[in-house]
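Heads up: the protein sequence lines correspond to chains X, U and F, in order.
Residue numbering for the first sequence follows this note's numbering, starting at 5 and increasing by one per position.
Residue numbering for the second sequence follows this note's numbering, starting at 5 and increasing by one per position.
Residue numbering for the third sequence follows this note's numbering, starting at 34 and increasing by one per position.
These aren't lab readings, by the way, just hints derived from the structure by calculation.
Worth double-checking, as some hints may not be accurate.
Unchecked claim - Label pairs and their in silico Cβ distance ranges:
1) F/TRP217 to U/LEU290: 29 to 35 Å
2) U/SER96 to F/TRP167: 41 to 47 Å
3) X/PRO200 to U/PRO237: 34 to 40 Å
4) U/PRO237 to F/THR316: 56 to 62 Å
5) F/ILE65 to X/TYR38: 47 to 53 Å
6) F/TRP167 to U/LEU121: 55 to 61 Å
7) X/ARG120 to U/ASN236: 24 to 30 Å
Don't be surprised by glycine CBs; every beta carbon is placed ideally from N, CA and C.
Each chain is listed here by its residues.
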Amino acid sequence: MNTLLEFLEFTKGTSYLIAIAFLFGFIAFWQLIYARGKGLAIRVIPMAILALVLGGLAYTSITQKAGKIAAPEAPETSFFSPTILVAMYGPASFDHEVHQESIEDCTVCHHKSGDRTPRCKECHAEPFDPENLNKPGIAHVFHLLCISCHKEEQVGPTDCTGCHHEADISPLSVVHPLTGVENCLKCHKGQIPGVPKIPEDHASATNGQCQICHKTELDEADLATRKLPHEVEGQEDCLMCHGEGIGGAPKVPEDHAGRTNETCQLCHKQ
Amino acid sequence: MIKSKDSRKKDITKKVSRRNFLKNTTAIGSSLLGWSLIGSTKKASAKSFSGHPDHFGMLTDITRCIGCRRCEAACVESNSLPHPEIPFEDKSVFEQKRRPDEKLYTVVNRYYEPHWLGEPEYNKVQCNHCEEPACVSACLVRALKKSPEGPVIYNEKVCVGCRYCIIACPFYIPTYEYSNASRPKVQKCFMCYHKITKGEVPGCAGACPVEAITFGKRSQLIKIARERIRNNPDRYVDHIYGEHEAGGTGWLYISRVPFEELGFQTDLGVTPFPEFTKEFLSFVPLVLVVWPALLGGFYLFSKRRQEVNKTENPHTNEKDDKR
Amino acid sequence: MNELSKKLALVRPWIRENLFLGFSTKDYIQKIISPFNIIAGFIILVGLYFIVLRFIHGLAAITSASDVDPWGLFLSWGLFAGVPLSASGFVIGSAVYLFGLKEYRPVVKNAILLGFLGYFFAVVFLLIDLGRPWRIYYPMFVSYGPASVMFLVAWHVALYLSVQALEFSPSVFEWLGFKNFRKWALKLTIGLTIFGVILSTLHQSALGAMFLLTPGKLHPLWYTPYIPWLFFISSIAAGLSLVIFVSALTERFLKHRTDSQYLSSLNKITLGLGNATSFVLFTYFGLKLIALAHGNHWGLLGTSWGLWYLIEILVFVLLPSFLFLHGTKGKNVVLVRFTALFTIIGIIINRFNVSLIAFNWNVPHRELFHLKEFIVIAAVFAIEILVYRWIVNRMPVLREHPDYKEEH
Numbered sequence: 005m006n007t008l009l010e011f012l013e014f015t016k017g018t019s020y021l022i023a024i025a026f027l028f029g030f031i032a033f034w035q036l037i038y039a040r041g042k043g044l045a046i047r048v049i050p051m052a053i054l055a056l057v058l059g060g061l062a063y064t065s066i067t068q069k070a071g072k073i074a075a076p077e078a079p080e081t082s083f084f085s086p087t088i089l090v091a092m093y094g095p096a097s098f099d100h101e102v103h104q105e106s107i108e109d110c111t112v113c114h115h116k117s118g119d120r121t122p123r124c125k126e127c128h129a130e131p132f133d134p135e136n137l138n139k140p141g142i143a144h145v146f147h148l149l150c151i152s153c154h155k156e157e158q159v160g161p162t163d164c165t166g167c168h169h170e171a172d173i174s175p176l177s178v179v180h181p182l183t184g185v186e187n188c189l190k191c192h193k194g195q196i197p198g199v200p201k202i203p204e205d206h207a208s209a210t211n212g213q214c215q216i217c218h219k220t221e222l223d224e225a226d227l228a229t230r231k232l233p234h235e236v237e238g239q240e241d242c243l244m245c246h247g248e249g250i251g252g253a254p255k256v257p258e259d260h261a262g263r264t265n266e267t268c269q270l271c272h273k274q
Numbered sequence: 005m006i007k008s009k010d011s012r013k014k015d016i017t018k019k020v021s022r023r024n025f026l027k028n029t030t031a032i033g034s035s036l037l038g039w040s041l042i043g044s045t046k047k048a049s050a051k052s053f054s055g056h057p058d059h060f061g062m063l064t065d066i067t068r069c070i071g072c073r074r075c076e077a078a079c080v081e082s083n084s085l086p087h088p089e090i091p092f093e094d095k096s097v098f099e100q101k102r103r104p105d106e107k108l109y110t111v112v113n114r115y116y117e118p119h120w121l122g123e124p125e126y127n128k129v130q131c132n133h134c135e136e137p138a139c140v141s142a143c144l145v146r147a148l149k150k151s152p153e154g155p156v157i158y159n160e161k162v163c164v165g166c167r168y169c170i171i172a173c174p175f176y177i178p179t180y181e182y183s184n185a186s187r188p189k190v191q192k193c194f195m196c197y198h199k200i201t202k203g204e205v206p207g208c209a210g211a212c213p214v215e216a217i218t219f220g221k222r223s224q225l226i227k228i229a230r231e232r233i234r235n236n237p238d239r240y241v242d243h244i245y246g247e248h249e250a251g252g253t254g255w256l257y258i259s260r261v262p263f264e265e266l267g268f269q270t271d272l273g274v275t276p277f278p279e280f281t282k283e284f285l286s287f288v289p290l291v292l293v294v295w296p297a298l299l300g301g302f303y304l305f306s307k308r309r310q311e312v313n314k315t316e317n318p319h320t321n322e323k324d325d326k327r
Numbered sequence: 034m035n036e037l038s039k040k041l042a043l044v045r046p047w048i049r050e051n052l053f054l055g056f057s058t059k060d061y062i063q064k065i066i067s068p069f070n071i072i073a074g075f076i077i078l079v080g081l082y083f084i085v086l087r088f089i090h091g092l093a094a095i096t097s098a099s100d101v102d103p104w105g106l107f108l109s110w111g112l113f114a115g116v117p118l119s120a121s122g123f124v125i126g127s128a129v130y131l132f133g134l135k136e137y138r139p140v141v142k143n144a145i146l147l148g149f150l151g152y153f154f155a156v157v158f159l160l161i162d163l164g165r166p167w168r169i170y171y172p173m174f175v176s177y178g179p180a181s182v183m184f185l186v187a188w189h190v191a192l193y194l195s196v197q198a199l200e201f202s203p204s205v206f207e208w209l210g211f212k213n214f215r216k217w218a219l220k221l222t223i224g225l226t227i228f229g230v231i232l233s234t235l236h237q238s239a240l241g242a243m244f245l246l247t248p249g250k251l252h253p254l255w256y257t258p259y260i261p262w263l264f265f266i267s268s269i270a271a272g273l274s275l276v277i278f279v280s281a282l283t284e285r286f287l288k289h290r291t292d293s294q295y296l297s298s299l300n301k302i303t304l305g306l307g308n309a310t311s312f313v314l315f316t317y318f319g320l321k322l323i324a325l326a327h328g329n330h331w332g333l334l335g336t337s338w339g340l341w342y343l344i345e346i347l348v349f350v351l352l353p354s355f356l357f358l359h360g361t362k363g364k365n366v367v368l369v370r371f372t373a374l375f376t377i378i379g380i381i382i383n384r385f386n387v388s389l390i391a392f393n394w395n396v397p398h399r400e401l402f403h404l405k406e407f408i409v410i411a412a413v414f415a416i417e418i419l420v421y422r423w424i425v426n427r428m429p430v431l432r433e434h435p436d437y438k439e440e441h
């Protein structure tokens, strides 16, 4: 037994079973000594058998392995492959010349290699090798080496966008606010006319991942200008009046063409 | 009374079989007892358990963390958790200290004390995957289990929902899905067990851009932590949190500033928590075995006393008996 | 056909006699409509509504359970407070059957019934509180966690419930007229009582031992390695006090269901039980002091938690101990009964302290319980009272059954 807990589980379980077997044995004992009359065998023998059976169970049941613990379900392939991440953050811009000029000693960066100046990838794997924890992964070593030096020498960028210039992703076309809208797939599976369907190459994406790239252009100030002047109850069919502009209701503008009732209240709230 | 030959034979056979029976039960009973003793003498000094060899752990180097929360995002993605309302890039969450809950297995909190000179520190909070977990010892159906690979994992197929594990955890980590009436689960970090068993690295460790979180064998991680501390004594407090706390945890931490100032509990002691109930559990078989004889004895004693009273005072009404 | 029709002809009068207490259906229904029943019925309906809510929307609908505080009133009241009060079964049972104290025989069936109902409704509260109550039998038959104290509690409560049911069954059989079953059930009494004491020792102390696993979370004044013993000894005091108190209530409200032997001996019994309880409480107090010394927490007595602790042990343990003594010496039955109620409150306070109030004492912003929990508890308690009354109205609990009088 490798852990205290395994030891405890085994010993406690075994001792409980033995104690219970003993109890039945005790009852059998008691009957034998104090009970009178016929039917003695009927009372004693079942007790004794139970005692022996439980005593035997003391070893077999505890030593049996518990059923396999079901590992949690996980998606087969991750939507966030390295290509996507690179697309999000982009490669870092790195000026080797500037560093060559200001740091005379090459081994400050090309370390632990004697006189050689090897490429970093020669020793550092991606992401990192759990068998070889003394060598951090390739992305990490850049961060470790670069940022720590920049911090110490008080020169050079220390935040993400300082080197990853493309990390500031411009919002990928989300026309409605995202607060409270967590189930993107509810509408964007292609079942509602006018609502764009998720493209094929996003097939393995799950709901939680959409908002990492798709950010909304609208903020609180925008929402304020879109407030509804009337109650919604009883008037959920927006297009009934606003589709053609009936009864003084403003007509749905051109750029809203194709949008259905479900989407109106995402921006137009009371 | 002179008995007939037949009934005498019956008496003898009755006595013989009773004797045999007693002999047999004593023999079998004592051999079982002997077996159990042999089983336990293998580890007579139950104090030195080192866990399964080569089991995994995680190391968080607080000095490296920059508070980017990529680990939270990777955790949400690896475990198919719902995306939180506030996006991961939003730094305003640091204004309050958060804790893991049913939808977020790990959170990063920001700490700042003026005497640290300059930078705030960030700490990632999640299940510490103790070597001898209190929650595992608390679970009455073994739904929580310390896997041989290291992570403390959960089998929702047997969980009854008693929440004793939440009571037991000294780190206040496990939470429960109270709003789920049909299939509520205990939720906490499971160290991406489904990934580890496939030879992959847990989500947070793989996503950290500065390798503040390292995944590997716990024994190796301790060596690395010690090496880092030894090589940079100005950068680190000379203590690995989790090496011995609560009997040792699978998740280790090294830091630049004292751990109490980062919200860590530093008064947990080094005793593994299952030890605290071990003594009481040993009491149970004792009671089961000794009480029958003790109480049976009381009963026989009082019965005998009543009979003696009856024979000595055959005409006294029972109701007038004084105690 | 004749046999069957003969048997059926017996059913209706049996129902009238034994279920409707001799009244016709119409009269019985009229009798049921009393102010107490209406109020109880209303509370029960509201409580049932909340219970349905719990099963539709989860525990969050009616409790204030949070990430940090998983347990609320259901467990503190139903399990932690309910179980020691139900110790009446094993205490009086062992006094009468094992120690041969025959003068307490008139209250033994009531004590066993109270014990049985207490455990039964503790299980009911568990069924409401567990996350997946349909799996309540899992620790028995599906998956075992023997390193857990709660595993013990589960097993013992289940076993003890059966033991108490069997112990009470002779009264049921007397009511139903099953003479042979009754004979068989009576034979088991001694064995069941012994087994009951074993189980009670273990699970009364196990309920306390559960908190041994939480040294930092339970306030140091209440956290001590002596918790199991403290819980066990206080459960004896609780059981005794409950019998004193409830028997006082039966004298007032259920007099028509008692017999002369019960009524005439009740005062003497009350005084005797009060005497015993005073000693138990005094012992309990002594053990509390030892626990304090063991932890060397004298300094904490000066804090506000310390004040609350002192109130608990001085006002609700030491004071009743002396009041009981005073009452039994002066043969003051009223004082003894009042002190019994006081002790019951003290036990409830102690259990609430350990499981709810002093637990997680250092966590900021706690919401201890939700009003809805309180209403559900009131509802289940009302059901418990009604069930108790239903049983006592019909079965020979406070009296001897006329058919079996000569056997005692």
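Here's how the hints hold up against the structure:
no.: 1; hint: F/TRP217 to U/LEU290: 29 to 35 Å; result: holds (32 Å)
no.: 2; hint: U/SER96 to F/TRP167: 41 to 47 Å; result: holds (43 Å)
no.: 3; hint: X/PRO200 to U/PRO237: 34 to 40 Å; result: violated (57 Å)
no.: 4; hint: U/PRO237 to F/THR316: 56 to 62 Å; result: holds (57 Å)
no.: 5; hint: F/ILE65 to X/TYR38: 47 to 53 Å; result: holds (49 Å)
no.: 6; hint: F/TRP167 to U/LEU121: 55 to 61 Å; result: holds (58 Å)
no.: 7; hint: X/ARG120 to U/ASN236: 24 to 30 Å; result: holds (25 Å)
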